[in-house]
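Residue numbers (the working numbering), protein chains in the order written: chain A, 1 to 504; chain B, 1 to 504.
Hints are computed from structural coordinates only; laboratory data are not their basis.
Keep in mind the model is a prediction, meaning the values are calculated, not measured.
A virtual CB, placed ideally from N, CA and C, is assigned to each residue, including glycine.
Take the hints with a grain of salt, since some may be wrong.
Partial selection, computed: residues in chain B whose CB lies under 10 angstroms from chain A [what the hints assert, rightly or not]:
hint: 1; residue: 37
hint: 2; residue: 51
hint: 3; residue: 55
hint: 4; residue: 73
hint: 5; residue: 75
hint: 6; residue: 104
hint: 7; residue: 106
hint: 8; residue: 137
hint: 9; residue: 138
hint: 10; residue: 147
hint: 11; residue: 152
hint: 12; residue: 184
hint: 13; residue: 188
hint: 14; residue: 476
hint: 15; residue: 479
There are 2 protein chains.
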Amino acid sequence: MTERTAISPTRQEDFPEWYQQVIAAADLAENSEVRGCMIIKPWGYAIWERMQRELDRRIKAAGHQNAYFPLFIPLSFLEKEAEHVEGFAKECAVVTHHRLEAKEGRLVPGAPLAEPLVVRPTSETIIGAAFARWIQSYRDLPLRINQWANVVRWELRPRLFLRTSEFLWQEGHTAHQSAEEAEAEALRMLRLYEGFLREMLALPAMAGEKTPRERFPGAVRTLTLEVLVQDRKAIQAGTSHFLGQNFARANGITFLSPEGHQEHAWTTSWGVSTRLVGTLIMAHSDDNGLALPPRVAPTQIILLPLIRKEEERAAVEAACGRLLAELSEKSYAGEPLRVEIDARPLAGGAKNWEWVKKGVPLRVEIGPREVAAGTLSVSRRDWSPRERLALSEQQFVANVEQTLAEMQQGFWERALAFQKSHTRRIGSREEFLEFFTPKDSENPEIHGGFAEVPWAGDTALEDKIHEEQKVTIRCIPLEQEPASGTCPFSGRPAKHRVLFGKAY
Amino acid sequence: MTERTAISPTRQEDFPEWYQQVIAAADLAENSEVRGCMIIKPWGYAIWERMQRELDRRIKAAGHQNAYFPLFIPLSFLEKEAEHVEGFAKECAVVTHHRLEAKEGRLVPGAPLAEPLVVRPTSETIIGAAFARWIQSYRDLPLRINQWANVVRWELRPRLFLRTSEFLWQEGHTAHQSAEEAEAEALRMLRLYEGFLREMLALPAMAGEKTPRERFPGAVRTLTLEVLVQDRKAIQAGTSHFLGQNFARANGITFLSPEGHQEHAWTTSWGVSTRLVGTLIMAHSDDNGLALPPRVAPTQIILLPLIRKEEERAAVEAACGRLLAELSEKSYAGEPLRVEIDARPLAGGAKNWEWVKKGVPLRVEIGPREVAAGTLSVSRRDWSPRERLALSEQQFVANVEQTLAEMQQGFWERALAFQKSHTRRIGSREEFLEFFTPKDSENPEIHGGFAEVPWAGDTALEDKIHEEQKVTIRCIPLEQEPASGTCPFSGRPAKHRVLFGKAY
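Kindly generate the complete structure, drawing on both the sequences and the hints.
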């Protein structure tokens, strides 16, 4: 018999709807009245803040400095790089006026701007213009800048966190003396993201290069981290671009070389966004709601006092207070434990389920029974929601760091096993077809994922496969064996192995 | 004989130009190609991040949760509160299209929006709409939300940090059951800002209420912190608004009271912005550039190795490395010391002046002479730039926390003495005229500041005084003696004392 789950439908029944319901049940975000723009609610924002703080620390440690550039980009700036503007033109929010005026009792746009402004979809062009002023000589290089900002890309089919018209992100921009140095920087930042995903979010990612079809508009090379989530689709969780001299030429970023020549700089850009929150949800959550790896959980331990009668209050509250004080002295992964007491006058069951759905790693119930027995009733988010372990306070406190570390490791191992079990080497078109569009629909859950295929095709062939199968090349993995085998689509000897998958 | 100063002109010679030059010399910010929008450069942004981190900590400790709301506000939302829209209509950036299209070889705004969107000048209306959904019963109250965001108010006369078309800020929004509770919240947050200004930025502020003329559009009461800066003008450094039920009515924020009635909530909003960086500069800097109180300095101590010959390098670098390690163990005001080594191959004098102009509290030079003598050459930003004190490493390290605390206190005392010496009780129109527009221009620096005046006037009288004297009522101070005296402008018995001043 199956247990009743907190989220309905389940992942199996309807994954997209399950995702919406997990977000609603954990109170992470909601749609606003502005089409495609979400409201990130406190619990969702706290998760983003955890990501932000740790990423910011790592980016600074890697030698980058934060700065802030204008929200608005003059239309003429965007036009400077042809591929770039073509890539973003269809998604741009355009500011055309700078005041409102009354007209027939209604407000309408007033003073028109001489030149329309675009709300930044990304900042290569406006930051490039600043770099052109800041960089004079090779002594000014490398220049490494990062920005935390909101960006806007108009979305016709928005989905909370994964695809919203406005989203929050960081975008790094660097300039270098040589192509080699810039390429190394783009790779270094991809690896930084990869380490962050692994250590903080317990997310295994396939690191690879995009084919020309999926490249960032204006880039020479785009590197990507592709995460397989539980419906076996891939999410692009972070990208890092080697921009060659394209934006340097468009913006006039030149420097005097040590040999006395004026040269164009070599630039990179790289970013991750609030999309990471969506990726985290889709990768780790279950049919009882959100599940947070301890390192990214805003609250790691929630203490739930169970008070049915007033005369029980003093003893229970004292026990909770003492436990909170003891836990606050402890740390995990180099930071003080994040512990809260939920003292709201609600029934214990309702409170317990709320924190299950919010994904808090450890729940500790303390009622008169526990006080009398000198124990705690401990539940873990990676156990069944009804499971409880009676532990002495001393046992719990002494082992809490290790427990959280084990849970973090558990999230990683489950996600890695999932990725491995849904990555298949495929050598023929028939296998490929069967993998993504199985005729046998009895076991649909064993189909789909990453198909690793020997490849010698081009963009036209990729377009054709996408049209027929709705799959695309997610990346050309960086970790490659020497090329071997035949490309099943072109019949030519493979240049490398690529990963096909369905994409978010 | 006067010393040559690093900044020219001096404060005396041309204060507005001095301000621009301090910003340029410290590399804090610059104008962008988008009119009124600034680029906040790494050193300026690091100061803002210091402010942000500490304010965020205090706001969270006061019980508020961070969230994020859309950048765009539908025009119809803004129209709901009549005073509000009137106050902001002239400053709104308006988005009218959501794509770009090619037309005769040029890009032009493409698909028009059904309803224009305004780039948020402040978020009462869009957050109010969310509050209306989130609040059902008195049990949902108080609701306390804070947002860190960029906002846009189109500026025709922009000035870096103080008045820019786009700026960064936090805006708090709360909803309460009663007028009393909401008023108390508005006051509590003003006091939180006041404590932050005092303890972190060493800025004394006059806390008071705005007259109707200067009130936030849509507010019932606006509380303000007014800081007097070195040209004896006042800067509004933070505001907190009691909004009554105005926005609750406009947005339909209602709740079921404990007695079972549907009632409109009582709301507040409050904010501080990157304007604080400008205030900090104008209050504390001198003719040698920026001067940072230690608590807000991104780097508190800069170590400057002086190496003229290669054979000196090893010993000097070893001494610097050892000092860095020792200082990194120490803390000040509850945080590890922020220490950097400037190892760039520049002349010692140039490096020293650069850090003077950047405002770093302590500079420590270490060259072969210091290594041989076993001393350090220590300079303080609150001493003359050429002054140096030879200290043993041990002496310096043992006293560094106390030194920084003394410096922080010194910034506060100087600023407080300045404010006090430029606040004058004034009882007649003649005195008032002489205070703000002295006939004797030989000592202009002793004139102007805050004029504390018994007041019984109204908005029309304020308008008239503003027209004639270019001064306005900055606030009605919260700390008031019982009303006494006669208003020199209306001739009526005073209702209270107000502070007049010239405003930024």
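Here is how each hint holds up against the structure:
With 10 angstroms as the threshold, the beta carbon of residue 37 of chain B comes within range of chain A, its nearest partner Cβ sitting at about 4 angstroms, so the hint holds. Interface restraint check for residue 51 of chain B: the shortest CB-CB distance to chain A comes to about 13 angstroms, outside 10 angstroms, so the restraint is violated. The criterion of a C-beta within 10 angstroms of any C-beta in chain A is not met by residue 55 of chain B, whose closest approach is roughly 14 angstroms, and the hint is violated. Because the smallest distance between the Cβ of residue 73 of chain B and any Cβ of chain A comes to about 7 angstroms, under 10 angstroms, the interface hint for this residue holds.
Given the 10 angstroms rule on beta carbons, the hint for residue 75 of chain B holds: about 6 angstroms separates it from the nearest Cβ of chain A. With a cut of 10 angstroms, the hint placing residue 104 of chain B at the interface with chain A is violated, because the nearest CB-to-CB distance is about 14 angstroms. Restraint check, residue 106 of chain B versus chain A: the minimum CB separation of about 8 angstroms is within 10 angstroms; hint holds. Against a cut-off of 10 angstroms between C-beta atoms, the interface hint on residue 137 of chain B is violated, since the closest Cβ of chain A lies about 14 angstroms away.
Interface hint at residue 138 of chain B: violated, since its Cβ lies 14 angstroms from the closest Cβ of chain A, which is beyond the 10 angstroms cut-off. Annotation: interface hint on residue 147 of chain B holds; nearest CB of chain A at approximately 9 angstroms, less than 10 angstroms. Taking 10 angstroms as the C-beta cut-off, the interface hint given for residue 152 of chain B holds, the closest approach to chain A being about 7 angstroms. Taking 10 angstroms as the C-beta cut-off, the interface hint given for residue 184 of chain B is violated, the closest approach to chain A being about 22 angstroms.
Because the smallest distance between the Cβ of residue 188 of chain B and any Cβ of chain A comes to about 20 angstroms, over 10 angstroms, the interface hint for this residue is violated. At a threshold of 10 angstroms, the smallest CB-CB gap from residue 476 of chain B to chain A is about 31 angstroms, leaving the interface hint violated. Hint status for residue 479 of chain B: violated, given a least beta-carbon distance of 35 angstroms to chain A, over 10 angstroms.
Violation of the numbered hints given earlier is confined to hints 2, 3, 6, 8, 9, 12, 13, 14 and 15; the remaining hints are satisfied by the structure.
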